[in-house]
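Protein chains: 2
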Amino acid sequence: MDQIVECVPNFSEGRRAEVVDEIVRAMTIAGVKILDREMDADHNRCVITLAGAPGAVEDAAFRGIAAAARLIDLDTHRGEHPRIGATDVVPFVPVRGVTMDDCVAMARRVGERVARELDIPVYLYERAATRPERRDLAYIRRGEYEALKQEIATNPDRAPDFGPKRLGKAGATVIGARQYLIAFNVNLATSDLKIAKEIAAKIREKNGGLKAVKAKGFMLRAKNIAQVSMNLTDYTVTGMLAAFHAVKAEAEQRGVQVLESELIGLVPLEALTQLAAQALLLPKLSADQVIEMKILGE
Amino acid sequence: MDQIVECVPNFSEGRRAEVVDEIVRAMTIAGVKILDREMDADHNRCVITLAGAPGAVEDAAFRGIAAAARLIDLDTHRGEHPRIGATDVVPFVPVRGVTMDDCVAMARRVGERVARELDIPVYLYERAATRPERRDLAYIRRGEYEALKQEIATNPDRAPDFGPKRLGKAGATVIGARQYLIAFNVNLATSDLKIAKEIAAKIREKNGGLKAVKAKGFMLRAKNIAQVSMNLTDYTVTGMLAAFHAVKAEAEQRGVQVLESELIGLVPLEALTQLAAQALLLPKLSADQVIEMKILGE
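Chains A and B, in that order, give the protein sequences.
Sequence positions in the first sequence follow this note's numbering and run 1 to 298.
Sequence positions in the second sequence follow this note's numbering and run 1 to 298.
So that you can see chain A by itself, here it is in the shape it has in the complex:
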């Protein structure tokens, strides 16, 4: 398999396991692997991570959206997490042998099909957005299902990219493309949460720090240590090594050592070859030089 796309659909069901089972079953097709499944009852939401061949992933996403539209009723859905649809948001993510443009094209095709076959309004977001303000998921989702239901017909700012200007019980779905998100934490040799918060504030993009980095300071109660918890939203812009070194430098300026890092979940191989290339000044390293890829990936 020389091309791999990841897809991380969020569905508005976090309580009825049998409903999540049925949605996952609908997406379990040849060429696709279900990598992760998380349900949250308070949010009343589940997040499924799947990956595989682009065509199969595209089809699986459509099947998941169709199943959710059949099984979830937004008129009765309640949960803490903001949402506008039974399938709330569906990002496509390039992993291997696929460009961001390929993923944008997938988002548009699935969006068009969801509108046509399921009569659900679709908004394109992030890299697939057709208007700058729609890069932002929160902007599209403002006021949630209830407000959108009132405004979609009459407010031109809320006109969907595909599908009808009215909401059924399945609501609307946001579909798009984004880079692979790496959840990367650095633990500090201090129990002073203030230091972790200061470092996080210093390095996050929002405050003029590292591009494509979100950061928060946390306390790990069990270990009594402070942690800088990061989301690297585009590792090709700021990778793990740059993020690590930035935290380390800020910590050392405050007289604090770095204990260790944590990588939550999975990373694409390219994030490791990029790191090796940077750490070793190895400009030409490619994923094709990994022996496993020669054996498994062709």
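Treat the hints with care, as some may be off.
Same chains, same names: a pair is fine if it fits in one copy or spans any two.
Claimed, not checked - Simulated crosslink set (DSS-like; lysine-lysine; CA at most 25 Å straight-line):
1. K294 / K149
2. K248 / K33
3. K284 / K216
4. K214 / K284
5. K223 / K197
6. K202 / K216
7. K214 / K248
8. K214 / K197
9. K214 / K33
The set of hints was computed from the structure by calculation and includes no laboratory data.
Given chain A, work out where chain B should sit, using these hints.
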């Protein structure tokens, strides 16, 4: 494929391409991929790199040895490279989901089978050696085919691990297990070859430097820069990051900057996860956290 073994048989044929073709054809079986093939006419020798599922690689190695025994006659073979057999040396190398002990067991099984079915004497070497001095390939191969032919029957030091105490036209074969060898070079911002040679001498294991590192100083004529060229014979002992930092520190002590590195050929994924773990103080990183392995490797 959750287990991968590499095998790098060296055959005493570097001139007749049709003979090499036939040997490679004999080894091309289901579950095995031929990764590389190098012929050298002066050495009159070829080196084939294959990898795949352990059972298939084991079978392919036997088939290659059988083909070479049929096609190569050591009584008429001449070449610059030392050799004792039509198949001269066959190392098994763990890549993924396989231990060194597994590879030692493979070497013994193939050795026993080569002796039994092909009547060829077999010496076990490196990690599979049954006597300390036989860890060293050069020791086993001393005097080459011609001397061994004289001594094998009468000198107990030359008694094979398996098979007859006499040589036919296929000679003897050395079989064993070793770690994956990483060919890793660091280019210096200097045209002074002496500096590269000094650094190489300082860091190589033989002179008390880094464990499992062989190093030489070279001149890259086209670029007019000096290079420290290394073989990392066990990256689990000294990996690319430690080797790079050692060269960099020695270079900087001599007022020379590092330009860039080069990785020749392939590396196992574990060499990259090890590097990431070291560079990021990420103790728990495993190859299973690479998304491609989740998709392709199961």
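Here is what the structure says about each hint:
Taking the closest pair of Cα atoms, K294 and K149 never come within 25 Å of each other, the shortest separation being 51 Å inside a single copy and 40 Å across copies. For the homomeric pair K248 and K33, neither the shortest alpha-carbon distance inside one copy (36 Å) nor that between copies (43 Å) is at most 25 Å. Within a single copy, K284 and K216 get their C-alpha atoms only as close as 34 Å, which misses the 25 Å cut-off; across copies the closest is 22 Å, which meets it. Taking the shortest alpha-carbon separations for K214 and K284, only the inter-copy value of 23 Å comes in at or below 25 Å, while the best intra-copy value is 29 Å.
Taking CA atoms no more than 25 Å apart as the test, K223 paired with K197 passes inside one copy only; the shortest distance there is 17 Å, against 48 Å between copies. Taking identical chains as interchangeable, the C-alpha atoms of K202 and K216 lie at most 25 Å apart only when both belong to the same chain, with a minimum of 10 Å there against 45 Å between chains. Proximity of K214 and K248 under a CA criterion of 25 Å is satisfied intra-copy only: 16 Å inside one chain copy versus 33 Å between copies. Only within a single protomer do K214 and K197 lie at most 25 Å apart by alpha-carbon distance; the minimum there is 12 Å, versus 46 Å between protomers.
With identical chains, the CA atoms of K214 and K33 are never at most 25 Å apart, being 28 Å at best within one copy and 43 Å at best between copies.
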